[in-house]
Structure formats: structure tokens, C-alpha cells
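My request is simple: use the sequences and hints to build the entire structure.
Each protein sequence line maps, in turn, to chains E, C, A and P. Sequential numbering from 1 applies to the first sequence in the working numbering. Sequential numbering from 1 applies to the second sequence in the working numbering. Sequential numbering from 1 applies to the third sequence in the working numbering. Sequential numbering from 1 applies to the fourth sequence in the working numbering.
Check each hint, because a few of them may be wrong.
Claimed, not checked - Derived Cβ-Cβ restraints for the label pairs, each shown as a range: (1) P/F9 with E/E416: 27 to 37 Å; (2) P/A538 with A/L56: 21 to 31 Å; (3) P/A619 with E/I421: 39 to 49 Å; (4) E/I421 with P/L16: 16 to 26 Å.
Calculated from the structure, these hints are not laboratory results. Glycine included, every Cβ here is placed at the ideal spot set by N, Cα and C.
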Amino acid sequence: MMLAIILFAYPILAALSALMLKSRRKLDFLVLLHALLHLGLGLHGFIKRGSLGAMDDMGLFIFLISSTLYMAVAFYRLGLGQDHNVKAYRVHTIFLMLFIAAMDAACMAKDLGLIWIFVEATTITSAMLISYEHTKSSLEAAWKYLFICSVGIALAFVGILLLILAQPENATLLIHKISYPAISPFWLKISFVFILVGFGTKIGLAPLHFWLPDAHSEAPAPISALLSGALLNTALLPLLRVERLMQRAGLGNTSQQLYLMMGFISVFIATVFILKTKNYKRLLAYSSIENMGLIMLAFGLGGFGIYAGYLHILGHSLVKAALFLTAGNILSIYHDKHHANIKGLFYRNRATAWLWLLALMMILGFPPSPLFTSKFFIITGLIGKGYYLPVIALILLLASIAWSMIRISLSMCSSEEGEKIRLPLWTYLSPALLLLIATVVGIWMPVFE
Amino acid sequence: MIEILVLVFGITLLFASITNMLSSIIRILVLQGLILFGITILKSTHLNWLGFGFIALETLIFKAIVIPWFISDTIKHNAIHREVEAYVSNFFSLALMSLIFLGSFALAVFSGQQSGRLFPLEFGIAFATIIKGLFIIIANKKLITHLMGYLIMENGIFLLSLSVGTDLPHIISLGISLDILLSVLIGVLFIKRIKSTFDDADSPGQLREE
Amino acid sequence: MIHILIILLLPLLVPGLISRVKAIMVGRIGQSVFQPYFHFAKLLRKEEVISSSASLITAVAPALALAATFCAALFVPMGNSASLFSFKGDFILMLYLLALAKAFMVFAALDSGSSFEGMGASREISFTAFLEPAFLLIMAALVFSTGFTSLSTLLSSYSISGLEVWSLVLGTITVFALYLMLLVESARVPFDDPNTHLELTMIHEVMVLDLSGFSLALIHYTAALKMLIYASLITQVLIPANASLHLLWYLIGILGIAILTGLVESLMARFRMNRNLELVLVPVTLSVLALAALIARSMGAW
Amino acid sequence: MSIGFLILFLALIPALWKRSGLFAILWLLGSGIIAFEYLEVLYSYSVQDFLISFPLPLGIANIGLNKLSAFFGTIFSIGLPLGFLYGHFYLKQHQAPGLRSHLFWLGILGLSMHGILWMRHILLFLMVWEVMSVSSFFLVMHDRSVSLKAALNYIITMQIGAGFLMAGFGILYLQTGSFDFSILSAMHSLPLYLLLIGFGFKAGFVPLASWLPQAHPVAPAHVSGIMSALMVKCGLYGILTLLAMNSLNLREIAVFSLISIVTAFWGVIHAMISTNLKKALAYSTIENMGIIGIGLSVGLLGLDSGNPVMATLCFAGALLHSFFHSLFKALLFYLSGNILCATHSLKADDLGGLAKKMPRTAIYFLIGVIGISALPLGNGFISELAIYFGLFNAISANDLPALVMGIVLLGMMAFVGALALIAFAKLFGIIFLGEARSPKADNACEIHRGMRIPQFALSIGILAGGVFGGLGLRFVKPVLRWMGLYMLPVLDLQGIYQRLSVIILLMLLIFLLLYLIRRITVKTVKSATWGCGYQKPAARMQYSSLAFVHPLSYFLKPFILLKKSGTSAKSMHPKEISYHEEALDPFFRYIVEPISKALAWFYSLFSHIHNGRTNAYIAWCLVFLILLLIWVLL
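In C-alpha cells form, the structure reads like this:
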């Protein structure tokens, strides 16, 4: 228990001390220290299960992913430019640390109410992070993000209340303590729908995804990497826990059918907008929606689908974070978000171009990345369940996504113009590190419970 | 006694769908805060003194006093146009409000048979408030009205949590109200900043797939 | 031994005979039958004029063409019923050796860089595009009726016997198809007019426009040898297997074909160029017809 | 896993330091050692097997070789080092940025090709398969100015092909629950079809091969050489492993033979009428795949209708052809690289008269042409002879289906052979013979000596394979025995090949004799070509490539989709007119484009929902919530 206290004490103390600090270097150093502490505790928790705040395996898995991402982002921030004024940067760092603390709390919490509170806290803190650049569009994105997510999560709270209603005698929100035979199926189904819609908005599933492209494309690169890499998984956690509850309560197939439907719609909507978008950061945001849809498909299949789902979560967050960081590099070279007028990336900065292409290949599920295996299992699972038409549609959708993403990245790397630009070393190292871990995972494929 | 308070709560909803003045909506929020404070006092008789006092104070301060003052203050400073520009006429929103009442009461009665512990009236009104809050967001152009619709929805959810029966543990209810307060504060902060950067306060449509 | 002698001596006689027949048909006495031999001997002694744009190919092509045709001729039964070399499926090798010779003739033509020779080369090679399938389908008909063995055994075992009406019909179809192929391969009248002066209308002659002296001699000999190959195929089909004095019958057969070709040349005019392309398809259809009839008969259709 | 693989892996290190020379040498060494392993597996009965255990769902993966993969392995270990050696010299001439990454991807491509043969575990096999597609995508994309559209089309077709493979293997995994290759035997029809289509994408059978004529012309010469000579064989390897383990019924064989006929016919027609050298070579790869398909289908017919002689001969022909094809196709592509370096243009109508300026390249090209159009000196003839023998056996055996198919295939194969001869006679004639048609061709000069080493080795291989047919046969015999075919016809085929080589030697002897006589006795004089008295003959007056094939292309017009464009002279006074003729790919035009247009239209229907207003988003959220509630409650 003691380690958990350290985990939360540090951000608060650091936030206070940050108020006094003036120079950027010290602020970055604080963040780095927090990241190291975060990773250290995570590994310690991994070795001695349950030592870190009695966290179960699912929570620990998500915790470890966000700590690796946080480490990479912390290193990446060392390389960032110095143009922003220190006061705004100080606010930004404080909120970053609070954001990470809220995410860890959401992973550790067992009680659905507590999870709800900390997820709401992450929304608030990340809204501040998104609006760091004070441009008109980032403000609007932050407002939309905050507003739509809080409305969504309020609906999730309604679901939680209905869950209490569903348990006749000593209703409790501690998931593992709920007595299954006594639950009334009628209320459980309604509460599951509310929770699914609530946290679905937070994950960005199809009809509720509208805030995600704006928020992820307007936020600065390290933040959007954290958002799409770590935050989406943390929001996915309660859904997985409730799905396990539904399975035990015997309503397994309704929850799986809902997952499959939501997953399929979000892959479809993502394809529609990937083909249409003009801005490469929005492209990555839509691909996050698509991958979240694939994860929902995987969990909706059950059996080896669950293994594919975890693999997909791991692969997606690593590779997506690397992609966002590289997009940050491209932005710092071209200062323009529309991929139409980005030309000659290979010529201007060869390392970023190769990072971008490799990461893109891995997000599309080409072999070195674990997404390939999970894509294989998803297709097999779908065929196993007899959905032949959706399988064909899925292959077509993935092919059109691949087509449009490769076309865009090829047009970005095509001509030979502009002068060569060198970026600080860290901006290459952290995405490369993430891709390396993803390849290792892709080949070695760890075992999950 | 509780039933009367809940009915008055329903009437404030009807009143909200008619007004087209921002200040009157703030008055509705204050009124709803007070009603909720009343209901919490009546409902939680068996709590020990400390817990009871804590929740009562919390609902009173947050819902009735702090948030409405804060919103009216922002309206005054930023000279947001006092008129509530709604997409739909009042008549239509009233008709829809009655429809929502009908639907939520049917759900409450129908679900009443399912499990005995439910107070159909409170559940119906709470459900109606939530849907009404959502509808206010959808039907209005200005950002401030979005925020108010969100607050009405939160009041509905609080009423639902009361009607569910067993009280939530204090930490959770405290956390919830803290979160709501924070989101409102930051929301207002954003509106101030958007107000300063944009010329008009209605929701900016700049971020879209052209 | 007779086989080698026939291959070396007989070929140039056939064009001589044909030109003699044509001359008589028009009322002229005509040149002596051995005129091609004298022509061949004279060419051997002349010096060769090579075009400036010619590369190594012009020197190599005539020699290789003759070598290939010569080896192809080894498989064809001339004089007596068995040929010099024969193994199972040797007709495929013979066909492809002729194709090799044709390919190098085309290269020699293109090498001179004149548009006329290019035209002749393209026509030559597109005409023969249909001959390969025709020849193999005829062989398929033979194989179907007598089993898969070498060319000479196929031809000898498949002879037209007047008694049985069935083999008469099939025999005539095969002979007619082979005769058409002979006309195309040796560039005779319906397909190409040997003694025209207008380069645009020639095929075979225009390809050798730029060769002279020793190479031209080789080319003439190759052309004559190719005509002899097809002629001996036809005669082999016509001669019944057990016939005695096989050599005598063979020579009469070659003589008959030469005269027939002479008659055809003098009675018919050259067809239009793309009409010829469709005419070349006739042997293919004939052989398919023969095959279909054979299959129907063997399946007991009538 | 052998030292050879290790050396090949080490070859990546010099690749990363741009030292392509060392890279090529290491590859030569490594492939040599691996070749010994393959041959050892091929000729002895010891099958090398390793077991690698993987976590939970993947189970135990066994990595090993069987005779078929050893056969293809030897082909790769001959082709790849020569390709990289040529690549080393070619890249020196053709300076393009990104050499380090290019060599790295070359190494990965080679490794993945070898890897495919070793994998006996479905998922690993699929992974290595995809790595091959990705690495070849990056290689095709090497000179970015011209190749982006084709590379994009290539990677998407490979993605869809992999989709088919995944679906097929997925069904198998569901039915049997194991990942091992042993489950490939006795499959149901659906997974079998899916897998065959998936492999067909890579092998280049007609409806699926629209990527091949687009990707190969834009890739650098050594890459397109490796891709079309060796990578297409991986698809063939997949098809062969399936066919060896499963038996097809008569209808499936008829469909397979129909596809291969259409492939051969379509490939050869487009090879004939395309003016770009590399595009013609790409189409001829499709044509050769068609011929191998014909051989396989007749073989299968033999197995099905119980005529073992026919089956053995045709399978032997198909395997021989796939081996020899990798030799002459690689040679022709490397020669196109030579021409590109010398004249910077591959359009046949700009070139001409290169034989005088680049004599050695001309000789190698001639040997390649003899090989590919199956003329007796080349090795193409040996494999086609075996297939013909099989066909004639089919005809002599009198059961109806075999007879009908035999006749149709025989006619078609002979016709395709003739058209191939025309196509390559055109290419050789127009490019190498006659006068130089453009200044580019005029000042061409012979290429760096190093580039000609691999080409010399390949042409020796072609001639040796052609003259001594038995060599190839001895190499194919163990695979036939592994496939359980009746071995007697192979012996008498061996006898026929011996007699064949005697005849060919005789022919060469006669040719040398004649050539020497001419050389010694005849005095030659140089003068201008006979131009029927026209005083100023220009080089452009020579026959162009389209004109050369015009009589036949006029005849085959219904089979070709031509797009004619050009400006015609309108007014009295002569102005500049232009005429451009280009053959479109009908499958791409009538299948792929309509589908993509329909998809794009369908997607655009939904693209207005993101309109930027918050309340619209909340409205969507509410509507979705209500719909879900209704759906759950009903």
C-alpha cells in the first residue's frame, strides 16, 4: 500500500514545487523524475503482483503501457523548442502530472464510483493540456472535448446508479463483490447500455467519437501521444470490467453483440473520414478510432479474441504514440498540418521520413507489429462466429484505410525540395524506442492471463 | 413531503422550457438546488450528525449558491447577449417536455414491477430531467446555455442517486460534486477565453471536415 | 545413306521443276530444271556485299538457319520409311528447329535496317504463328490414331488405304492441310509471289534482299530444303506402308508435288495480305476437324 | 538453422554502412552454404526439423524443410546472390538517394524469401510472407519520382491477397485448432480456394495480376529481376504445397486450366504489343506462369484420371519451367538494366542498333530470347518439351476429358509459344538490330565489366540447361519422388534428352563448319542498305515495334483493350499531329476501378456528419443511446 501512496504523493508535491520553479529545464526534470518513478513502481508491481495498491492484472497491464508511454513522452519533451513562455509551461507541466496521477488512480480503483470520479478528473486535466497553444482551434477543441466527455460520463454515472438499483439487497459498487445470481437482468442490461455509451464517448467509439479528431489533432504532439496511447486504454478498463461482470451474470452474448456492433461501426466511420481528411494529425486520430473499433471487435469475439484484444491494445498504444511523436517532428519541420502541402519529407529529414513510414506500416498491421497477429485472430474469430459478410467488409475497409494512408504518406515523401533540417536527437530516439518495443512484442508475443 | 418537493422540481423543468432569458434559467438552477437540499434533509434521517450535516451543506453550497453566482458573474462581465437563442420555438419544446414526462413515467411504472425498491415518482422525474438537460444542449446555440443544460442534467442525476435508495458512500458523492464543480469552473474559463478570441459566443463551427 | 544424299542433292531440284512447269504453262520453253544448281554454284564463288548497318547477326543467321533446317530434315523420313534419327516425340524438336531457323532469318532481315525487310520479317513471322499449332494438331490426330511414337513410325503406320472410305477422308484432309502449310512455308503463290519486283508485296524474297553471295546461296538452299521437308511429309502420308520400291514411289511423289505447285502458281494469283492471314488459319481448322472426326469415330459415334 | 542463414543475416550489417560490395559478397558466401543444405535435404532422406515453442495461443512452431521447399530454396540461392551482385554494380551507375535503406530492404527481402521456405507454422509463414511484401514495396518505391502510384497499387493488392490467405488459414485454424502445416492436407474446398486465390495474387494469375505489369517496370532493374524471377515463385511454391497435399476434382482442374490458359494467352498478347521493354518482360512473366499453370493442370488431370505417365511428365515440365524461367527472366531484366544505364530509355521505338555498340549485351539478350521463346538451344525448350510429352500422352490415352483438355491445351500452348517467339523476336530485332533510332541509342556504350558477370553466369546456365537437358531433370527427380509420382517416364525422358543434346551438338557443329567456310573463303564489301533508290533513308523509317506486330495485333484486336489518343491535322496547312496507343489492363479497368469508385461514393454519403457544431454531436449521442436501449430491451 505504501508504494501507492508514494505514487500519488509525488505529483502533488511536484505540482506545488513547480509553482516556484522558473526555468524550463527544472520543470522537464520534474516530469522525467515522475516518469522514472512511475515506471519503477510499475515494474515493481509487475514482479511482485498486488504490491502496488492491490491492482489486479488488467489494471497493471494498462498501468505498464501508460508508464512506458510516459517515459517516451518525457524524453521527447526534452527535445522540444523553447519558444513558449515559462508561466504557461509551468501550468502545462502541473496539469500533465495531475493528468498522469488521475490515470493511475483510475487504473487502481476497483469501485466503479471511484473509477468514474478519476476518469472525470482525467477529462478535466487533459482539457487544460489540449488548450496549451491558445490558438482559436485548440481552444475550441478543448471546449468540445471537455463538454462532450463530461456529458458522456454523466450518462455513465446514470448507468452506475442503475447498477446499484439492479442489486436487490446489499448493493455494492465493488465489482468483484457483486453477487451474481441476485442481479435482475432487466436493470443490468439498461445499466450496461448506459455505461457502454458513457465510457464509449470517452474511448471515441463511432457515433460518439466527434471530439476525438479535434482534440488529438489540436493538442501538442506529446500530449496527443499520451491521450491516444494511454487515456483511451484507461477509459477502456471499466468497460472490460463490466463486460466480465455481464459474462458472469449470464448476459454474455448481448454484451458481445453490442461490442461487435460498436466496433464495426467505428471501423466504418473511421474509414469514411480517413479517406476524406486533409490533416495528417486528424488522420492518426481517425486511425485511433479504427483501432479502438478493432479492439472492441476482438473483445466481442471471446475465446482467443480476448488475447488478440490485449495484444492489439499493447501494439496500438505503442505504435500510435510513436506515430504522434513523429507527426510532432513533421509539424516542427513544416509548421503546417495539411498533408497536401508537405512535400519532399525524405529529402528534408530522412530519419523522420523513415520513422513515419515504418510506424505507418506497423499501424496498418504489417508483420513486425503485433497488430498483424491480432488482425489474424480477429478475422478468424469473425469467421468462427459465422459473420462471413462482415469479414469481407472488414477486409475491404482495412484495405481502403491502408490505401488512403499509404497514398498520403507517399505524397508527403515524394518530391525533392526544401532544405535539410536537423532535429534534436531525442525527437528521433523516443519514437524509435517505442517502435523497437512494439517489434519485440510483435515477434515474441507475451502471455496474458 | 418528499413527493411535493419532487413535483415542484418537475414544474421548474416546465418553466425552464418556456423562458428565453438567461437570468431566469439561473433562477431555476438556484431553485432546483434548494429543492435538492430539502430532499436530502428529509431523506437522510438515519445518518449520524456529521455525515448528514456534510451532505446537506455540500448540496446547498455547490448547487444553490456557488455555481449560479459564478455563471451570472460571467454573463455580466462578458456582456453575453441576454437572450437565449434557441433553434426551436417555446411551444415545440413544451410539447416535447410533456412527451418526455410521459415516456419517463411509463418507464418508471413499467420498471416498478421489476424490482420493488424503486420510488416511481422520483425515478420518473429524475429521468425526465436528464433527457430535458440533454435536449436543452441540443436545442440552443449559445455556449452558456449548453453549460446550463449540463447542470440541469447533473441535478437530474443527483435526484436519481437520491431516489435509488441506499446512500452512496460520502467520498463518492463528495468526489462527484467536486468533479462537477471543477468541470463547470473550467467550462466557464474556456467560455471566457473563447468569448475573448471569438467575436460571438455561440458555438464556433470551425473544426469540421470541410 | 540415301537419306543424306537426298537431303544434299534433291532440294534445289524442286524450285527448278516448279519454274519449268510455270514456263511451260505460259507457252515458254523455260529455264533448265537444274538452273537453281548453277545459280547456287555461281553464288558460292561471288564476293559478298554486306550493308553498313549489319552487325554480327547477318553473318551468323544464314549459317545457323541452314544448320537448324538440316537437323530438322534428319527426322523426316525421305526415301525409305524410317528416318536417320528418330525418338519418341521428335516432331516437336523438328518443329521448333524450323522455328529457330525462321527466327534467325527474321533477325537477319531486321539487321539490315531497311523498312522493306522489316515488313517482310513481320509478315513472315505472323503467318507462321498459326502453323505451329496446325502442325502439332495434325500430329495429335496421328498420335490419337496410332499411339505416341516417333515421326517416321507415325507417318508410316498412317497411310491412306483406298479400301476403307474412312481413312480416305481423313487422309485427304491431312494432306490438304500439309499442302497449305507447304505453300505458306516456301512462300508460294497464294501467299507470296516469288518473282514480283515490288518490294512491298514480297515476304520471303524481301527478307533476303540485303544478303548476297555465300549467305544468299545458303538461304536459297534452306528454303528449298524446307519445301522438301513438307513435300516428303505429304508423300510419306500418301505412300502405303508396305509398298515395295519405296524410293521410287517417293521420287514420283516429290515430282508430282512440284508439278502441282507449278500448276497452282500459274493458275492462281496472290491474295491480299490480310486475307492471307485468315487463309493461314485454314490448316488449323482442318486438323481440328480431323481430330474431332477421329474422336467421334473412336467413341463409336457412327 | 544453419550457418548460411547466419551469414545472410550478418549481410545486413554492411548494408547499413552502404557497402554494397561486401553485402553482395556475403550474400554469395551465405547462399553457397545454404545451397549445400538445400541440396543435402533434396538428395538425402533426412528432413531438417527444429521446434520453437511459442506462448499460449500459437503453440509449438516447427521450422523445417521438405523436398519441395529445398527445390525452391536452391532456385533462390542461385538467383538471389546474382541479383544482389548485379544490384551492386547497377546502383553504382544509377546514383539514387537512400542507398543504405535500399540495401537493408534487399537483405530483408532475401531473408524473407528463404524464411518462407523454412516455416511450417501458419502464422509465422504469414508473417514472413507479409515481410516479403513490405520489403518489396519499399524496393519498388526506390526511385520515388516515377514509382509511387505503382507501388501503392502493389501494396494494396498484396494486402488484399494477404486478407484471402488470413481468411483461408483462419478457417483451417478453426477446424483443426493447430497451426502446423500438416493440417493443409485434405482440406475442405472453401479454405483451399481462398488459399489458392491468396497465393494466385503473388504468383501472377490473370485476374489477380494487375499489379505485376505496373510494379516491375518502375522498380530498379535488379529489384524487378529478383521480383519477377524469384518472388513470383513463392506464390508458385504455395500453390504447389497445396496441390501436393490435396486432390482436386475434375471441375476444379478444368477451372484451373482455364485460368492458366487465359493467363498465358493474355500475358503473351500484351507482351507482344507493349513497347516498353520492362513492361513486355513483366507480361511475359505472367505468360510463363500461365504455361506452368497449364503443366500443373494437366498433371493434376493425370493424377485424377489415373494416367501416371502424363502426371509425372507434366509435373516435371512445370517444375523445370519454373526453375529455368527464374534463369532467363532474371537475365533479361538485368539486361534491361544495362540498356537503361547505357541509353537512359527503355522505349523500344527510341532504341535500335545496340548490337553494334553493346555486342556482349546483344549476345546475352539473344541467349535470353532463345531461352524464353523455347527455341532448341535454350532451356525453355527442355521444359516445354516435357509438358508437350505429357500433353501427347494425354491425347494417346483415350478417356474423353483428358483427350479434350489435351487437345485444347496443346493448341493453346503452341499458339502461345509462337506469339512469345514473335514478341521476343520483336524486342531483340527492334532494340538491338538495324540503325539507332534516336541520339540516345546512338551514343550508347558497353557497360561496366562487373555488371556482365551475373549475366554471363546466367546465360551459361541457360545454354547448359538447354543443351544438356538431363541436368535439370536430375535436379527435379527427388521432388517428383516426394510427390509420390510414378518414376518410370522420367527415365525414358532422360534418354530422350540425351539424344536431343546429340542433335543440338550436331547442329552447332554444322553451323560452325559453315560459318568458318564463309569467314575464310568469302571476301566481304560494305555498302549502304538497298533502299529501292530512295536517296535519303532516315533511321526513323525503320520498322517500329507496333508495326512489327501489327498483322497479328490487327487479328487479335478483340482481346486487347486499346486506348488511342492523339491530335489529328484539322486545317489545310500541316501542323504537328501525334498518335499514342496504349494497352489498358482490362481487369484493372473493369473490376478494380468500378469497385473503388462505388466504395468512394458509399463513403462520401456519410462524410457530412462531422459538421463542427457541439449540439449536433450531443444529438447523435442521444439518438444512439435511445436506439441501443430499444435494441437491448426488445
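Status of each hint after checking the structure:
1. P/F9 with E/E416: 27 to 37 Å: holds (33 Å)
2. P/A538 with A/L56: 21 to 31 Å: About 24 Å separates the Cβ atoms of P/A538 and A/L56, which means 21 to 31 Å holds.
3. P/A619 with E/I421: 39 to 49 Å: holds (45 Å)
4. E/I421 with P/L16: 16 to 26 Å: holds (23 Å)
Figure legend: structure checked against the earlier numbered hints; every hint is met.
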